[in-house]
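Chemist: One letter stands for each residue in the lines below.
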Amino acid sequence: KNEVEQSPQNLTAQEGEFITINCSYSVGISALHWLQQHPGGGIVSLFMLSSGKKKHGRLIATINIQEKHSSLHITASHPRDSAVYICAVRAQRGSTLGRLYFGRGTQLTVWP
Amino acid sequence: KAGVTQTPRYLIKTRGQQVTLSCSPISGHRSVSWYQQTPGQGLQFLFEYFSETQRNKGNFPGRFSGRQFSNSRSEMNVSTLELGDSALYLCASSYLAGGPINEQFFGPGTRLTVL
Numbered sequence: 001k002n003e004v005e006q007s008p009q010n011l012t013a014q015e016g017e018f019i020t021i022n023c024s025y026s027v028g029i030s031a032l033h034w035l036q037q038h039p040g041g042g043i044v045s046l047f048m049l050s051s052g053k054k055k056h057g058r059l060i061a062t063i064n065i066q067e068k069h070s071s072l073h074i075t076a077s078h079p080r081d082s083a084v085y086i087c088a089v090r091a092q093r094g095s096t097l098g099r100l101y102f103g104r105g106t107q108l109t110v111w112p
Numbered sequence: 001k002a003g004v005t006q007t008p009r010y011l012i013k014t015r016g017q018q019v020t021l022s023c024s025p026i027s028g029h030r031s032v033s034w035y036q037q038t039p040g041q042g043l044q045f046l047f048e049y050f051s052e053t054q055r056n057k058g059n060f061p062g063r064f065s066g067r068q069f070s071n072s073r074s075e076m077n078v079s080t081l082e083l084g085d086s087a088l089y090l091c092a093s094s095y096l097a098g099g100p101i102n103e104q105f106f107g108p109g110t111r112l113t114v115l
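Going down the list, the sequences are from chains A and B. Going by our numbering, the first residue of the first sequence is number 1, and it counts up by one from there. Going by our numbering, the first residue of the second sequence is number 1, and it counts up by one from there.
You may find that some hints are simply not true.
In silico DMTMM-like links for lysine to aspartate or glutamate, alpha-carbon gap of 25 Å or less [said to hold, decoys possible]:
(1) Lys-53(A) x Glu-5(A)
(2) Lys-68(A) x Glu-103(B)
(3) Lys-54(A) x Glu-15(A)
(4) Lys-68(A) x Glu-15(A)
(5) Lys-13(B) x Asp-85(B)
(6) Lys-53(A) x Glu-3(A)
(7) Lys-57(B) x Glu-3(A)
(8) Lys-13(B) x Glu-75(B)
(9) Lys-55(A) x Glu-67(A)
(10) Lys-53(A) x Asp-81(A)
(11) Lys-57(B) x Glu-82(B)
(12) Lys-55(A) x Asp-81(A)
(13) Lys-54(A) x Glu-103(B)
(14) Lys-53(A) x Glu-103(B)
(15) Lys-55(A) x Glu-103(B)
(16) Lys-57(B) x Glu-103(B)
(17) Lys-54(A) x Glu-3(A)
(18) Lys-57(B) x Glu-15(A)
To be clear, the hints were calculated from the coordinates, so they are not data collected in a lab.
Chain A on its own, in the form it takes in the complex:
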């Protein structure tokens, strides 16, 4: 069983649509990250969250610590948003302290 589960695995949208990607995790965490990976492999960090909500341009990330769930929203999606989005958590305690766990990613394709 994967400690971090993402859904959906694949997502296709029309330009302008509102996008939601979900992440659920089963370990206690100190932080949750949303990453973006473009074709070719390069990864950039979009958000680091430990509580609440963060917004950067058209991207919004939320986290509910009690429910162990996070969502990444993209408003007014654009073809340049097409990428793989990865949820990652850093474990908080015990033998797994500090260890990073990753979701398997969501492939987003936005058509013009």
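With chain A's structure known, arrange chain B on it following the hints.
Modeler: Same frame as chain A, but now just chain B:
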């Protein structure tokens, strides 16, 4: 400032061979982390080096090893290659050790194919 570079970008090997991948971090960064990415398992942490010392290690067999040089450049080695080792290997550098992933800068990766 130049980004993280990885060489080679693509590599084809056969089962049983060994391979060495190289990573040059951003100038001034002393921490290098390695990750393996496969379609089945997604992204997984391999190990982290800081100032030539391995600080953290993921759950990979001993066939996977690494080292870091005094100039912070890092290499990882996989011996006795298996088909399942086919993956994208990503390297990331950061200034501090154990830095959160949002402070890590990723290279473009090395695509390894094992036949």
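Chemist: Run through the hints listed earlier and report the numbers of any the structure violates, in increasing order.
Modeler: Per hint list: 4 and 18 violated.
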